[in-house]
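Protein chains in written order, with our numbering: chain A, 601 to 927; chain B, 613 to 1109.
Since the hints were made in silico from the structure, they are not lab data. Glycine included, each C-beta is placed from N, C-alpha and C at the ideal position. Please note: incorrect hints may appear among the correct ones.
Claimed, not checked - Residues of chain B placed beyond 12 Å of chain A at every Cβ, according to the derived structure: (1) R812; (2) E889; (3) G928; (4) S935; (5) V980.
As the list claims (entries may be wrong) - Ranges between beta-carbon positions, derived for each pair: (6) A/W704 - B/R994: 50 to 60 Å; (7) A/V630 - B/R983: 24 to 34 Å; (8) A/F918 - B/F704: 57 to 67 Å; (9) B/L683 - A/V785: 37 to 47 Å; (10) B/A702 - A/V921: 34 to 44 Å; (11) B/D726 - A/V907: 42 to 52 Å.
Unchecked claim - To give an idea of the interface, some chain A residues facing chain B are shown, with a C-beta separation under 8 Å as derived from the structure: (12) G702; (13) E806; (14) T812; (15) R817.
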Amino acid sequence: MTMTDTRPAPQDSKPARSPGFGANILPLAVITLAIFAFLALTRENFATAQNLNSILFGVSIDFLAIVGFTYVMVMREIDLSVGSVFALTGTLTGALLVSGWGFWPAAGLALAVAAFIGFVNGFLVVRFNINSLMLTIGTMLLVRGLANVLANGLGGQTYPREFRQLARTNIFDIRLTVILMVVLVLLAWAFQRRSALFRRMCFIGENVKSATVHGIRVGRIRILAFMASAMTAGLAGIFTASRITSADVRMGLGLEFVMVTAAIIGGASLYGGKGDLRGSALGLLLLALVLNGMIMYDVEPVFQQFVIGFLLIVTVAFDTVMNRRRG
Amino acid sequence: MSAETPPILALSGVSKTYGAVRALSGVSFAVGRGEVHAILGENGAGKSTTLKIINGEVDPDQGEVRLSGRLTSTAERAQGDIAMVHQELAVFPNMTVAENIFVGRMPRRGGRIDFARMRARAAELLELFGLQIDPGTILGQLTPGQQQIVEILRAVESDASLLILDEPTSGLNNLEAETLMVLIRRLRASGHTILYVSHRLHEVLAIADHVTVLRDGQFIETLAAAGLCEDDLIRRMVGRNLEPAATTASATLSDAPLALKIEGLTMPGAFTDMALELRRGEILGVFGLEGSGAEDFSQAIFGIVPPVSGRMELLGKPVTDLSPAGLMRRGMAWLHPNRKEAGLYMERSIADNIAAPVLKQLSRFGMVNRRATKARAQEDIRRFAIRVPGPEGLPKQLSGGNQQKVALSACLASQPEVIVLNEPTRGVDVGAKAEMHDAARREAAAGRAVLVFSSDLPELLRLTQRILVMRSRRLAGEVQGTAMTEESVMALAAGNR
Ligand SMILES: Nc1ncnc2c1ncn2[C@@H]1O[C@H](COP(=O)(O)OP(=O)(O)OP(=O)(O)O)[C@@H](O)[C@H]1O
Ligand SMILES: [Mg+2]
């Protein structure tokens, strides 16, 4: 049969790009740089080594938490329990240390607890097809309760000295978490560009029925992603607990909303099928610069909440409009 | 058409490009009031684009569209007295059947929606197609064919004077398609004008008064349908003669090894006690009308909705992991009956689409070999003559038939030994259909086993050597060889002997 192939296919047409990979990294980097330049030029105490270091340090810790979170979003799910898991893992590690455990067993157990919470999230989503948004709001409340019980039990006691030192660990004068962030961004770059797993996640996020028919083990990958999300949140929680030196019931409050906003700014979508950890990192940096800028301009701290909420609405609206257009 | 009454619809010099793809260039034709006017062309010829421009969904780059002589804008037409059934289902799966039929114009009494009247009228309309469905059923629970009928009924009920049907029968079986033909004749008799697109040429010849042929986005000609035969139409569509469609030789296969054996497969409420034996080298058909359980059966044997009891043997070994992933690993592949629902990723490149089921083969240490992925896509694009700019193109930019080719390429990518095809040629043109049938025959000739579920009975008769017929959720019988005719299969399927 040769009939349709006699027709020339339109060769000159410029191929459209698959989304989900690096599409908005460049514009995002430009915007972030612009904000940076603006603050550096208008506020003299912005571009100080100390201020910049502290921004980068904060971003590098939050970044750890957004790793798994971003990939859950790629699969068209969401994990709103990250903030609570972050708090529980950090506080639990501290509590165990206070009661005399060694660091590795304490951190190991806390991370195992985080992994278990992630597993439960994933399992319930897969097995009973529960909407992950509602489910993880439930987990968020439940885990927050546990974290608060622990924090209250500690009653503001400071953590042991060695643990407080952890977050301040430097390698060649650079914070350990910053180095971790750079390494993870490089790994993510390769992972997103080349790995079969990331493609599977994108396929699941875009059309889970197609993915099933194509023999992709959807359930298994979903559970793994939720576990990864909880564990990276937990890791960030451990560093944060070390950084703030004592138990605090406000730890990680509202973190999930910062994550959603940053991930969508970075190229993820509530409608799944895309996401980019490099973008998420830039998104976090952008948000941190905005918040820092507000402090530099002496804006009342209460407005921070307002700005995060505003940016969340704007990004979600933008994401929804773009999604409608692509449908 | 007399000089005084202008045609109800006239296009002149209509052009449309998508990026660098010329979908239409300078198309001009007219449609007379009260006629059935068919538009023919190969996949990607520009039929759907033309219809969407007429319906006011797509803005043409150039050209005019006149309705009854009056120049209209895209926005006016979108609001106008036109109803369209889209090639791809455009229904509300979470609303009831009745709501889907009456969407936007529910009957009212005293300012409230008159649900009783709405339901009664919906039931009446469904009855036209012999569907005994409660109008209060949630649409998503119906089979795709039934949903298609609901969409047709929505257009019919709108009572628009210009009715546009883009491949309305692609998901319907013969009986339902016949019913639609009757309905269209009735609408024509009551003064409606119908624009009709279908790749089933016998339908076109049966109902069209005029035929307009498009080729590569260009208008070729408009001619009266009377006295034409299918070959006339094909020649005009492709611009040359086409070899007669081949049929599959009925070989004796009784000694070939069994590829798939199913015994006593049961899923309560869906089907009971199903059995089949499929041998290597064989193309076996399964046919059933809506509600016969054929569709559920197909899903069950791929583990999408696992059956409750029964035995399955694949390539001589019992199936232990009855899930799509498990079965694919054991050499089975399954084409989804509705490409819009599953089988494609509209936002990802063609190369990614075709690689999806075979990511493992295309990667080493979990890393995908992108060059191999692209090469493979290029090969399939050539093999199936898919009309795309290149492997980086997205399925959503393709015409329906070309999307189907991508879905089939993905299905065959894993070089499966047992291939289950559901509605494999839905919406593809005559030439491509023959190519796909050849592809299936090649697979069989190479010792693979092919199982085809299709509502297109002529297709099954041509392609398969044996047909299992389902009725009332169980096996009604089997026909093969010379006993395999449209009549014998329909007699079994409908149960009127
Ligand atoms: N949204 C789009 N973006 C880019 N290209 C498009 C888009 N829609 C259609 N095209 C291109 O326009 C051409 C005509 O498409 P159209 O859907 O009108 O074909 P068709 O005649 O209806 O084919 P089929 O029989 O397969 O349904 C095709 O080459 C298609 O790839
Ligand atoms: Mg079309």
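Outcome of the hint check:
Taking the minimum C-beta to C-beta distance to chain A, about 18 Å, the non-interface status of B/R812 holds against the 12 Å cut. The Cβ of B/E889 lies farther than 12 Å from every Cβ of chain A, with a closest approach of about 24 Å, so its non-interface assignment holds. For B/G928, the non-interface assignment is confirmed: its Cβ lies about 21 Å from the closest Cβ of chain A, beyond the 12 Å cut-off. Once the 12 Å rule is applied to beta carbons, B/S935 is inconsistent with being away from chain A; the minimum gap is 8 Å.
The Cβ of B/V980 sits about 5 Å from the closest Cβ of chain A, inside the 12 Å cut-off, so the non-interface label is violated. Taking 50 to 60 Å as the suggested C-beta distance range, the pair A/W704 and B/R994 conforms, at roughly 57 Å. Judged by the Cβ atoms, the range 24 to 34 Å given for A/V630 and B/R983 holds: they are separated by roughly 31 Å. For the pair A/F918 and B/F704, the supplied restraint of 57 to 67 Å is violated, since their beta-carbon distance comes to about 26 Å.
Checked against the hint of 37 to 47 Å, the pair B/L683 and A/V785 fails, with Cβ atoms roughly 57 Å apart. Range check, B/A702 to A/V921: Cβ separation about 20 Å, and the 34 to 44 Å hint is violated. A C-beta distance of roughly 50 Å is found between B/D726 and A/V907, which places it inside the suggested range of 42 to 52 Å. The beta carbon of A/G702 comes no nearer than 34 Å to any beta carbon in chain B, farther than 8 Å, and the hint placing it at the interface is violated.
Contact between A/E806 and chain B, as hinted, is supported at the beta carbon level, the nearest pair being about 5 Å apart and thus within 8 Å. Of the supplied interface hints, the one on A/T812 holds, with its beta-carbon coming within about 5 Å of a beta-carbon of chain B, less than 8 Å. Hint status for A/R817 relative to chain B: holds, with the closest Cβ pair at about 5 Å, below 8 Å.
In this structure, the earlier hints numbered 4, 5, 8, 9, 10 and 12 are contradicted, and the remaining ones agree with it.
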